[in-house]
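*Asks:* Each chain, letter by letter, is given below.
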Amino acid sequence: AQSVTQLGSHVSVSEGALVLLRCNYSSSVPPYLFWYVQYPNQGLQLLLKYTSAATLVKGINGFEAEFKKSETSFHLTKPSAHMSDAAEYFCAVSDTAGGYNKLIFGAGTRLAVHP
Amino acid sequence: EADIYQTPRYLVIGTGKKITLECSQTMGHDKMYWYQQDPGMELHLIHYSYGVNSTEKGDLSSESTVSRIRTEHFPLTLESARPSHTSQYLCASSEELVGNEQFFGPGTRLTVL
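From first to last, the protein sequence lines are chains R and H. If you're matching positions, the first sequence starts at 1 in our numbering and goes up one per residue. If you're matching positions, the second sequence starts at 116 in our numbering and goes up one per residue.
Derived from the structure by calculation, the hints contain no laboratory data. These figures come from a predicted structure and were not determined experimentally. Idealized CB from N, CA, C, for every residue including glycine. It cannot be assumed that every hint is accurate.
Okay, the calculated beta carbon distance ranges per label pair [unchecked claim]:
| no. | chain 1 | residue 1 | chain 2 | residue 2 | range |
| --- | --- | --- | --- | --- | --- |
| 1 | H | D153 | R | G8 | 17 to 23 Å |
| 2 | H | T141 | R | P79 | 32 to 38 Å |
| 3 | H | Y120 | R | E71 | 38 to 44 Å |
| 4 | H | I184 | R | R110 | 26 to 32 Å |
| 5 | R | V29 | H | G155 | 45 to 51 Å |
| 6 | H | D153 | R | T77 | 47 to 53 Å |
| 7 | H | S169 | R | A112 | 27 to 33 Å |
| 8 | H | V127 | R | Y39 | 31 to 37 Å |
| 9 | R | I60 | H | D153 | 22 to 28 Å |
| 10 | H | E116 | R | A54 | 25 to 31 Å |
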């Protein structure tokens with residue numbers, strides 16, 4: 001069965017610094033992988049997704065993620081953090097067994113950005 | 116504009132009351148989902164539907180029930196609310212194809228006193 005592990009429940013960076021949020025997955029089949037962002041009291045918004053077309057995926061708001069099969073990782077990065085990036089970030093893998101389309105979420109990483 | 120809506124956004128209610136959380140989408144999606152999310156925690160799938168008259172229980176056991184009479188509408192009902200039901204409930208929808216992303220509503224934050 002698919003699973004997702006996000007290393008670090010809280011990450012704090014300075015404004016302008018590199019953002020790195022870690023995600024490792026477990027999947028017995030080629031995975032579909034997603035990063036979502038959640039702002040306080042809101043739903044989840046898709047940042048980017050990996051569907052095997054390219055290993056480096058660019059998303060919205062300057063974020064990107066690289067799929068590394070050998071490391072079973074899909075880490076999210078942004079070169080320069082902005083105050084508005086402070087939010088909860090969730091990595092997810094699509095459970096496609098049986099033709100379903102369920103998402104398995106990681107526990108989330110809360111990103112804090114300080115001046 | 117295609118979107119997914121949830122009402123109410125916030126609900127505070129007493130123990131024993133029956134409640135229905137509404138979810139509607141104008142995206143034309145067949146698949147819809149309900150997730151439960153406790154503060155600062157991951158999301159857990161509690162119900163999903165592949166289309167009209169299709170409902171399935173998710174990975175997390177829930178005392179709630181759902182119905183899917185119309186494609187665009189996927190309400191969640193609690194017959195008798197309890198404090199343990201206090202949580203955020205998120206509705207989502209997706210296209211038919213496997214691997215497509217899910218689109219989320221803004222959520223309903225439920226507090227049962």
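*Asks:* Next, verify each hint and record whether it holds.
*Replies:* Here is what the structure says about each hint:
A hinted range of 17 to 23 Å for the beta carbons of H:D153 and R:G8 is consistent with their spacing of about 19 Å. Separation of H:T141 from R:P79 is about 36 Å and conforms to the stated range, judged on CB atoms against 32 to 38 Å. Hint check: H:Y120 to R:E71, Cβ distance near 39 Å, so the stated range 38 to 44 Å holds. Between H:I184 and R:R110 the beta carbon distance is about 38 Å. The supplied range of 26 to 32 Å is therefore violated.
At about 31 Å, the CB distance of R:V29 to H:G155 disagrees with the hint of 45 to 51 Å. The hint said 47 to 53 Å for the Cβ distance between H:D153 and R:T77, and at roughly 28 Å that hint is violated. Here the CB-CB span from H:S169 to R:A112 is close to 41 Å, at odds with the stated 27 to 33 Å. Distance hint for H:V127 and R:Y39: a CB-CB separation of about 22 Å, inconsistent with the stated range 31 to 37 Å.
The beta-carbon spacing between R:I60 and H:D153, approximately 27 Å, falls within the hinted interval of 22 to 28 Å. In this structure the hint that H:E116 and R:A54 lie 25 to 31 Å apart at CB holds, the actual value being about 29 Å.
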